[in-house]
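J.: Each chain, letter by letter, is given below.
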Amino acid sequence: MGVCSGRDKVVSLREAAQVIRDGDTIAVGGALSARQPLALIREMIRQGRKDLASVGGAHGVDVDLLVAAGLLKSVQHSYVGFENDFGLAPNYRRVCQEGGVEILETDCNVILQRLRAASFGVPFLPMPRIAGIDLLEGNPAFRVVACPFTGETLTAVRALRPDVALIHGLKGDRAGNVHLPHPHFMDGLLATAAARTVVTVEEIVAEEEVRRLGVSIPHYLVTALAERPFGAHPTSCYPAYAYDRRHLAEYVRLAKAGKETFQRDYLDAYVNSVTEEDYLRRVGDGEHFARLTGWKDGVAAWQEVFAE
Amino acid sequence: MRAYCTVDELMAVALARTIEDHAVVFNGVAVALPYLAILLAQKTHAPNCVFLAGLPAGVDPHPPFLPPTAGDALLLQAAVVTLPLHEIFDLAQRGELDRSFLGGGQIDRHGNLNNAWIGCDGMRVRLPGGAGAGSLSCFARKFTVWSGRHRGNGRSTLVERVDFITTVGHDTPAGSRSALHLKGGGPDRVVTDLCTFDFSGGEMRLKTLHPGISLTCVLGNMGFQPRIPGSLVQTPPPTAEEIQIIRRLDPLKVRQREFSPRQLERKFPVA
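For the protein sequence lines, the chains are A and B, in the order given. Sequential numbering of the first sequence, starting at 3, is according to my numbering. Sequential numbering of the second sequence, starting at 930, is according to my numbering.
If you're looking for bench data, these hints aren't it; they were derived computationally from the structure. Certain hints may be false.
[Stated by the list, open to error] Listed below are the simulated DSSO-like cross-link pairs for lysine-lysine, each with C-alpha atoms no more than 30 Å apart in a straight line:
#1 A:Lys298 with A:Lys52
#2 A:Lys52 with A:Lys75
#3 A:Lys258 with B:Lys1071
#4 B:Lys1196 with A:Lys298
#5 B:Lys972 with B:Lys1196
#6 A:Lys75 with A:Lys258
#7 A:Lys298 with B:Lys1071
#8 B:Lys1112 with B:Lys1182
#9 B:Lys1196 with B:Lys1182
Same shape as in the complex, but just chain B (with noise of 0.2 Å):
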């Protein structure tokens, strides 16, 4: 019988296949998908993968399951350490943290984030803040950005300009990263509902689209015309292996949580 995935767990093996084995890594805040990646990175093709977790930093935990809030002491079972909240970011203004998650209720071409508000005066929508995005986004030496709403949300989630950058990416109207003195190298991979995306000459280019999704679909759910390569690939499938990992690490679903129902009813091929 065929095995089949959902869009949570698909995103989640793409995100964890942005991890490098030996690389230090920061899941990002308040979010469970990056998380989870980390955690499946470890037990796949990234076994000396250092995690930094936080909220609340925890050096390599292994949680008995995922919560849906991160502050939670959960987190911390079997963590080699608990480090003050500030060794983290210390790691990263050293320029020691080789990737970070960070996601993005607005993402530009560029590869900038808003987590701040979203329109202008009058119609403004208060988003929780960007947490520690706006400096890691500086100091990382690479990060991935992610976002499970780049379909159904009009076009509204990848824009040619996000209304406030609360993450900078690698061009700015106050410049471009080189330009600005940043110790960090930007993001170098978005990872959407929809499609992979890498970066070529400081802007976004398509490169993985997931199973049964078309060029049409991911460009008429953006506001902007990415960068397209002659040749396009599919997004690899998860193994039946990472799946397993996966529904073992987190057995209440919090991944889904991202994820309308609609969504969820997306069905992909597993390897």
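This is chain A alone, in the form it adopts within the complex (with noise of 0.2 Å):
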């Protein structure tokens, strides 16, 4: 289900986010403030998709955008937040707070077997003991199973197949294989746990040069695959960009500033009805561009970045 053999997988980023139906259940890759799709985040938006459920790791942006526009149901991770750069997920926390998307409790490792499970092709795992926590209570992803061998006491946890992967990687072929910048997070799992996968990439480029930079993921696996440089933003995608700290100050300071500012000064100006091209105008000039990708001139230039 998850293979797709055509060796022709580009398409437009609208086409890209056609992929994502009502109703699905999303994996999106990335993870706090790395590398996660958020072109193809803005592009779903736009369209309008809807009662999606998100599930994964640490995220922050990415989450807290789509929980602000309306787009989930639920949201299984296990952290939502800025961490000590920003601090809490304002929108994700408005939400949850006033009931308006469901929050199923989970853990990183949690997770990551209930996606094992799938990409396993297995119903379930069973990993050594969990209890005492809260998360369980009521959970119907979990079990108290016994070893058939040993009779241990073990959990198990219900596999967990995404509808579909959403990734941002550095480099694609016309085919679709993909290459990541490292860290990967659970990209490479998120792509064989789902039913189906979308890319996005900085760059579509020849066959040869992703096999020379490493292929992540094989073109089978993924179903489409969208061109969108700076498709990440205002996240990083190293090597060719830091992440931009002056947006997301921007970004937190309207989504504290209430839902009908951040639908008027956020949603609205950088997202609907605008395109990717001027959504890059609007969030910087060149100068400022020039700030994120200039992360590799030194330590300095560095660290001007995470002080912006």
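Using the hints, put the two standalone chains together into the complex.
T.: Written out as structure tokens, the structure is:
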């Protein structure tokens, strides 16, 4: 089901977002403030995708933005926040507290094991006993089981097969081979666990170049691939660019100001009815983007990124 | 001239000193202080400590400085290798993770932690979530609990009972750690901005007071009475070398983001 054997996967960003359907369970790649497929997410918002369930590990602006735009009916993430950089995720927190989205408590390892079960083609995976933590309370994804060989008490977690994985890579080719820069987080696992995988890349290049860099996700796992420079912005996509701390600060400031302000000054100004080209123009001028791509000029330049 | 350090530095040193040489350690997610503590331990008393550095999952990295976001590729600089994330959890499941660092939005007397929800129905505050701490608290041989908000949070960090258990300590309403058949040994140390604790009979026991902090201050800022030993000692001061290493590793002072400006005004002597 996850295999897609054609050799021409290249689509537009609009078509890539159409691979995600209303009601899907999505697994977003990257983590925290790194390599999240945000151009794809912005396009899903423009297209008005709805009733999605998002599952995954430690995330930030991606989940917060999806929740703010009303695309999610449930969130099953081990962490959603802006770390000690900007603190709690304001939209996520507000909508959770209003009961506007269902929260399914989870844990990084539990999510990993559930995705691995799907990837391994088994209905569940046993793990050493986990107990005493409240995320187990009434959660249908867990069972206490006995080892059939030794009788040892174990925890079984149910396989979780996302409908679609959303991944942003550095480079890809026409057939759909993708090179991911490190860190990969769970991205490779997402591609094997999910029924479909949609990828955006900074640049589509010849197959030889992707092979030279290293194929992280082979073409047969990829459903569709779109080229989108700065497709992870405002998160990082090394070595192309570091994260955009100035833009994230603006994002968090507007999110903290409340629902109406965020709708008007962020969603309407940067996402709805705005092309990706216009989005980047509104984010900053050439000098601003030169700072994000200039991290590699040395430690001082790299430090400047984090001091913005 | 007498040298001084600030509370972030004192805590980083206290955290580092909970790491044994040769230990396999994991820092936790989305926080700088334990990351810094592990790098410090490797450069001082625990040169053989194995650092599995989350979230990017690098082994023994040497970043040129610490960034305010933990997923950044900067944190893989000079690492031996970058692992698939699941390998760190697999190692913990095998019972081979000696120590993890787990922070608590709320901490109770048994060392249970909460990073999910604070308050009850109607007035609930959503926290970011426990990341991998739930599983790690079940599997790690030992873990160090920490919080920079013992003081100044109206007794609501150290509480009699946490509102939601994201991380399991020594005893829970569902039973004790041994009754639950958990693999790991649970928390053995707690480091806060006022003091340090160890555990006795599965309950937190005051161990040391930070310089200039009184017992009254410690107890007045917590919602339960911890066990108190016959003699209380002061938290051993950081050495000049330790402070120098911390400042070199973290020139952007990311470590201070845990703390309020008022907390950072406090000065502690350096040995």
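J.: Take a quick look at whether lysine 1196 (chain B) and lysine 1182 (chain B) sit within 30 Å of each other, Cα to Cα.
T.: Distance of about 16 Å is within 30 Å: holds.
J.: Checking one constraint from the list: CA of lysine 1112 (chain B) to CA of lysine 1182 (chain B), max 30 Å. Satisfied?
T.: 37 Å, violated
J.: Going straight from one Cα to the other, do lysine 298 (chain A) and lysine 1071 (chain B) come out at no more than 30 Å?
T.: 39 Å, violated
J.: Compare the distance between the alpha carbons of lysine 52 (chain A) and lysine 75 (chain A) with 30 Å, and conclude whether the hinted pair is satisfied.
T.: 8 Å, holds
J.: Has the given pair, lysine 298 (chain A) with lysine 52 (chain A), been kept, meaning a C-alpha gap of at most 30 Å?
T.: Judged against 30 Å, a Cα distance of about 39 Å means the pair is violated.
J.: Does lysine 1071 (chain B) lie within 30 Å of lysine 258 (chain A) when you go C-alpha to C-alpha?
T.: 38 Å, violated
J.: Holds or violated: are the alpha carbons of lysine 1196 (chain B) and lysine 298 (chain A) at most 30 Å from each other?
T.: 37 Å, violated
J.: Is it true that the CA of lysine 75 (chain A) sits at most 30 Å from the CA of lysine 258 (chain A)?
T.: Since the Cα atoms of lysine 75 (chain A) and lysine 258 (chain A) sit roughly 21 Å apart, the hinted pair holds (cutoff 30 Å).
J.: Quick one, are lysine 972 (chain B) and lysine 1196 (chain B) close enough, alpha carbons at most 30 Å?
T.: 24 Å, holds
Violated hints for the displayed structure, listed by number in ascending order: 1, 3, 4, 7 and 8.
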